[in-house]
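Protein chains: 2
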Amino acid sequence: MNWLDDIRWDRDGLVPVIAQELGSNDVLMFAYMNREALAATAARGQAVYWSRSRQRLWHKGEESGHFQTVHDIRLDCDNDVVLLKVTQEGHQPGIACHTGRHSCFFQRYDDGQWTTVDPVLKDPGSIYR
Amino acid sequence: MNWLDDIRWDRDGLVPVIAQELGSNDVLMFAYMNREALAATAARGQAVYWSRSRQRLWHKGEESGHFQTVHDIRLDCDNDVVLLKVTQEGHQPGIACHTGRHSCFFQRYDDGQWTTVDPVLKDPGSIYR
Chain A
1 MNWLDDIRWD
11 RDGLVPVIAQ
21 ELGSNDVLMF
31 AYMNREALAA
41 TAARGQAVYW
51 SRSRQRLWHK
61 GEESGHFQTV
71 HDIRLDCDND
81 VVLLKVTQEG
91 HQPGIACHTG
101 RHSCFFQRYD
111 DGQWTTVDPV
121 LKDPGSIYR
Chain B
1 MNWLDDIRWD
11 RDGLVPVIAQ
21 ELGSNDVLMF
31 AYMNREALAA
41 TAARGQAVYW
51 SRSRQRLWHK
61 GEESGHFQTV
71 HDIRLDCDND
81 VVLLKVTQEG
91 HQPGIACHTG
101 RHSCFFQRYD
111 DGQWTTVDPV
121 LKDPGSIYR
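Sequences listed follow chains A and B, in order.
The first sequence begins at 1 in our numbering and counts up by one.
The second sequence begins at 1 in our numbering and counts up by one.
You may find that some hints are simply not true.
[What the hints assert, rightly or not] Here are some chain A residues the structure puts well away from chain B; computed CB gaps all over 10 Å:
| id | residue |
| --- | --- |
| 1 | Arg-8 |
| 2 | Asn-34 |
| 3 | Glu-36 |
| 4 | Gln-46 |
| 5 | Phe-105 |
| 6 | Gln-107 |
| 7 | Pro-119 |
| 8 | Gly-125 |
[What the hints assert, rightly or not] Quick look at which bits of chain A chain B covers, simulated, 3 or more residues with Cβ under 8 Å:
| id | region |
| --- | --- |
| 9 | 13-25 |
| 10 | 66-78 |
Since the hints were derived computationally from the structure, they do not count as laboratory data.
Glycine is no exception: its CB is placed at the ideal position from the N, C-alpha and C atoms.
The whole structure should be built from the sequences, with the hints applied where relevant.
Structural data, given as structure tokens:
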């Protein structure tokens, strides 16, 4: 498929992916996809990433039920970064982070240190059964 | 400095960085920083990246005048991705992309191909003198 060949995959065969929430435009998370993951994401309309730690396809929400419905797939000017517009399913407001928070970017730099500034919306122990 | 040691730098000593526009929340661009770049960004309040192609510090806007004022520096749950909230200076609306567009993510996946969907706001030839 030609559109997959347009991507400049990195030396590990991966492309970095930013997931942004439709509506709020909040950046929810950052992960990677390989060719198979991006093809699956486009085909099923739900985000499928490549888990580098587990070295396998990772259908986001497969354990937590927090799937991501994909509305838009964007590619950057260098053809080496993907941006998804998603609806974060399974909880209101959406929980994208494995810590039970809305977004993974909950640590803010403040005067020489990182401070956690966003609340846990749901206990991770009750998300991952 | 301890807050820099908290970051899980990759095998090249870099961390991926997402630049998001304050207000609109638009994702403008994606780049990398090394330790020195992130320290400089925090110290001067303007985005300083590491250019992988040129292998040197890249003070965004140094050629174009399109600097990025940094309002917020966030770190993700795994301590290996940075998110900046910025004001894209030098043009209204902001131009973050070297193609003269607002955002680098101007190609949209549509039915098996990538389509350019965002306009050029200023001729790149007149940006890079």
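Annotated coverage of the region 13-25 of chain A by chain B, confirmed only when three residues or more have a Cβ within 8 Å: With 5 residues close enough to chain B, the hint holds.
Given as non-interface: Gln-107/A, which should sit over 10 Å from chain B by C-beta: At roughly 4 Å from the nearest Cβ of chain B, Gln-107/A sits no farther out than 10 Å, so the non-interface label is violated.
Non-interface claim for Arg-8/A versus chain B (Cβ beyond 10 Å): Answer for Arg-8/A: holds, closest chain B Cβ roughly 12 Å.
Holds or violated: is the Cβ of Glu-36/A farther than 10 Å from all Cβ atoms of chain B? For Glu-36/A, whose nearest Cβ neighbour in chain B is about 16 Å away, the distance exceeds 10 Å, so it holds.
Chain B covers the region 66-78 of chain A, three or more CB atoms within 8 Å, holds or violated: holds (count 7)
Would you check whether the claim that Gln-46/A is not at the interface survives, using Cβ distances to chain B and the 10 Å cut-off? Correct as stated: the minimum Cβ-Cβ distance to chain B is 14 Å, above 10 Å.
10 Å cut-off, C-beta based - Phe-105/A kept clear of every residue in chain B: Given that some Cβ of chain B is not farther than 10 Å from that of Phe-105/A, nearest at about 4 Å, it is violated.
Since Gly-125/A was said not to touch the interface, does its Cβ keep a gap of more than 10 Å from each Cβ of chain B? Gly-125/A is indeed farther than 10 Å from all Cβ atoms of chain B, at 16 Å.
Least C-beta distance between Pro-119/A and chain B, which was stated to exceed 10 Å: Holds: least Cβ distance 14 Å, greater than 10 Å.
Once the closest CB in chain B is found, is it more than 10 Å from Asn-34/A? holds (16 Å)
In the structure shown, a violation is registered for the earlier hints numbered 5 and 6, in ascending order.
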